[in-house]
Amino acid sequence: MDNPLFIIDPGLFIWSIIIFLLVLFILKRYAWTPLLNFIDEREKEISDSLAMAESAKADLEQVREESEKILNEAKNQSKSIVSDGKQRAEQSANTILNDAKQKSDEFVLDAKKKIDVEKKRAIKEIKEEVVDLSLDLASQVLQRNVKDEDNNKFVQSSLKEINTDEAKS
Amino acid sequence: MLIDKTDTSHSKDPAEVAIDHVANSYDHIILHLPSLGVFDFSITKHVFLLILVALITVSSMIFLVQNYISSKTKIPGKTMNFIEMIILYMRENVLKGFIGEKYYKDWDALVYTIFFFFLIGNFLGLIPIFDFLGFINYLAGGIPVVKDLIHGGNTVTANINLNFALATITFCAFTIAGIRRYGFFHHWKNLAPPGLAWPLYFIVVPIEVMAMLIRPISLTLRLAGNMMGGHLALIIFTQLFIIEIAKNYGIFAALGGSIFSVSLSIGVILLEIIVAFIQAYVFALLTAVYIGMGVNVDH
Numbered sequence: 001m002d003n004p005l006f007i008i009d010p011g012l013f014i015w016s017i018i019i020f021l022l023v024l025f026i027l028k029r030y031a032w033t034p035l036l037n038f039i040d041e042r043e044k045e046i047s048d049s050l051a052m053a054e055s056a057k058a059d060l061e062q063v064r065e066e067s068e069k070i071l072n073e074a075k076n077q078s079k080s081i082v083s084d085g086k087q088r089a090e091q092s093a094n095t096i097l098n099d100a101k102q103k104s105d106e107f108v109l110d111a112k113k114k115i116d117v118e119k120k121r122a123i124k125e126i127k128e129e130v131v132d133l134s135l136d137l138a139s140q141v142l143q144r145n146v147k148d149e150d151n152n153k154f155v156q157s158s159l160k161e162i163n164t165d166e167a168k169s
Numbered sequence: 001m002l003i004d005k006t007d008t009s010h011s012k013d014p015a016e017v018a019i020d021h022v023a024n025s026y027d028h029i030i031l032h033l034p035s036l037g038v039f040d041f042s043i044t045k046h047v048f049l050l051i052l053v054a055l056i057t058v059s060s061m062i063f064l065v066q067n068y069i070s071s072k073t074k075i076p077g078k079t080m081n082f083i084e085m086i087i088l089y090m091r092e093n094v095l096k097g098f099i100g101e102k103y104y105k106d107w108d109a110l111v112y113t114i115f116f117f118f119l120i121g122n123f124l125g126l127i128p129i130f131d132f133l134g135f136i137n138y139l140a141g142g143i144p145v146v147k148d149l150i151h152g153g154n155t156v157t158a159n160i161n162l163n164f165a166l167a168t169i170t171f172c173a174f175t176i177a178g179i180r181r182y183g184f185f186h187h188w189k190n191l192a193p194p195g196l197a198w199p200l201y202f203i204v205v206p207i208e209v210m211a212m213l214i215r216p217i218s219l220t221l222r223l224a225g226n227m228m229g230g231h232l233a234l235i236i237f238t239q240l241f242i243i244e245i246a247k248n249y250g251i252f253a254a255l256g257g258s259i260f261s262v263s264l265s266i267g268v269i270l271l272e273i274i275v276a277f278i279q280a281y282v283f284a285l286l287t288a289v290y291i292g293m294g295v296n297v298d299h
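Protein chains in written order, with the numbering used here: chain A, 1 to 169; chain B, 1 to 299.
Some hints here could point you the wrong way.
[Stated by the list, open to error] To list a few chain A residues with every Cβ distance to chain B over 10 Å, as calculated:
1. 58
2. 78
3. 90
4. 136
[Stated by the list, open to error] FRET-style restraints, in silico, Cβ to Cβ:
5. A:44 x B:197: 50 to 56 Å
6. B:82 x A:33: 17 to 23 Å
7. A:52 x B:266: 49 to 55 Å
[Claimed, not checked] Using 16 Å as the maximum straight-line C-alpha spacing, the simulated EDC-like pairs for lysine to aspartate or glutamate come out as follows:
8. A:28 x B:84
9. B:74 x A:41
10. B:74 x A:40
11. A:153 x A:125
12. A:160 x A:128
13. A:28 x B:13
14. A:120 x A:165
15. B:105 x A:40
Rather than coming from a laboratory, the hints here were simulated on the basis of the structure. Only a predicted model underlies this, so the values are computations on that prediction, with no experimental measurement involved. Here a beta-carbon is modelled for each residue, glycine too, at the ideal position from N, C-alpha and C.
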């Protein structure tokens, strides 16, 4: 072929193969491998940090839930403490009131009993006085001394009368 | 091409001037080296350009990558960002897409190197450094080393020998990939799809073998044709067109014509920038596709 565009040139062919293979070897060793490793590392770094961000978000959510739970518990506890306190206060107030009532009742009952005893004693004393007086009066009316026997009989019957009267009343 | 005043053998035929702009020069060998049979290892202009492309590719890539990975901020610069974008795009769409997740790591370096090697080779051809050297040589009246450098085209990727060499590497790559995956005999058996009626194999096998052998040739011619075409268009618009007008209508008509030719050339150069990029990508893509075809026969 005379056309210079299509001259077969084995020298250039061999040069091309040798030089290209050299370029391939050098670039593979010093450019492509380090660059691709670098890119892979960076991609891994990016995906790792994305995963980390995701897990941090999940952690944050968990912490938020926990804190909410704790807050709710605290609220419930404080409520129960307050209601407990109230209940206890009411209880103690009731016991105090009941005690006071009981005591006052006892006091009144005691007073009543004492009054009764005193009353009975007073009545008894009055009765005795009345007997004495009536005996005096009767002896004066009869102008004579009734024998002791009669006297006693009389007294006893009069006392019975008084007692039955009292029982009736 | 500027005419070398010291070179009396220079042809004035416009067609030859145009072809001289894209073809290698065997009349002006830069460094004579011994031959080994048909292999003449002398440094011609395209061998020189090949070494230049290799040096630029290696030094720029290593500089950018090492600078990037050793930087504290780990933020890529504009150029590095662009390279990283290409590499990631090719990894996700070309390598993983055609070769597959399992095997792409064995071949990624080859595909990236092919792409950047051709990209830089194609772009170097677009920069008129040697035309500028020719201009200096013209002014100086002939400088010994420069004199040999300005002859021959400056687009090394338009040379079929270089392209065929790299296509051969691609051919070896997809053959090795197939053999590594299926074993030596099974790989060649894969050329004949199973389940056909036996007479059909007499037609299918030759077609498959031809298709396999044509792959490197098609890779070669596609790239060389694309790079040649653009440069021939450029030389025709910028130089031959003006020369012809000047010859026939005088220097002032040529000045008028240059306005037209320069604006047209700008368009062609813009197109060539895209072509330079696309052809580098196509070569790398097809390498990955062929390797994928060797590796994933069952799919």
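10 Å Cβ clearance of residue 90 of chain A from chain B: Fine: 72 Å to the nearest Cβ keeps residue 90 of chain A off the interface.
C-beta pair residue 44 of chain A, residue 197 of chain B: status relative to the range 50 to 56 Å that was hinted: holds (52 Å)
Given pair status - residue 40 of chain A, residue 74 of chain B, alpha carbons within 16 Å: Answer holds: residue 74 of chain B to residue 40 of chain A is near 13 Å, not above 16 Å.
Pair hint residue 28 of chain A and residue 84 of chain B, alpha-carbon separation not exceeding 16 Å: Status holds; Cα separation ~15 Å.
Straight-line alpha-carbon gap residue 28 of chain A to residue 13 of chain B, limit 16 Å: Status violated; Cα separation ~46 Å.
Given pair status - residue 125 of chain A, residue 153 of chain A, alpha carbons within 16 Å: violated (21 Å)
Distance restraint between residue 105 of chain B and residue 40 of chain A, which requires alpha-carbon spacing of 16 Å or less: Judged against 16 Å, a Cα distance of about 13 Å means the pair holds.
Minimum Cβ distance from residue 136 of chain A to chain B greater than 10 Å, as the annotation requires: Non-interface label stands for residue 136 of chain A: nearest chain B Cβ at 139 Å, farther than 10 Å.
Supplied distance hint 17 to 23 Å, evaluated on CB atoms of residue 82 of chain B and residue 33 of chain A: holds (20 Å)
Given hint residue 128 of chain A paired with residue 160 of chain A - CA-CA distance at most 16 Å: holds (13 Å)
Beyond 10 Å from each Cβ of chain B, as asserted for residue 78 of chain A: holds (54 Å)
10 Å Cβ clearance of residue 58 of chain A from chain B: holds (28 Å)
The earlier numbered hints that this structure contradicts are 11, 13.
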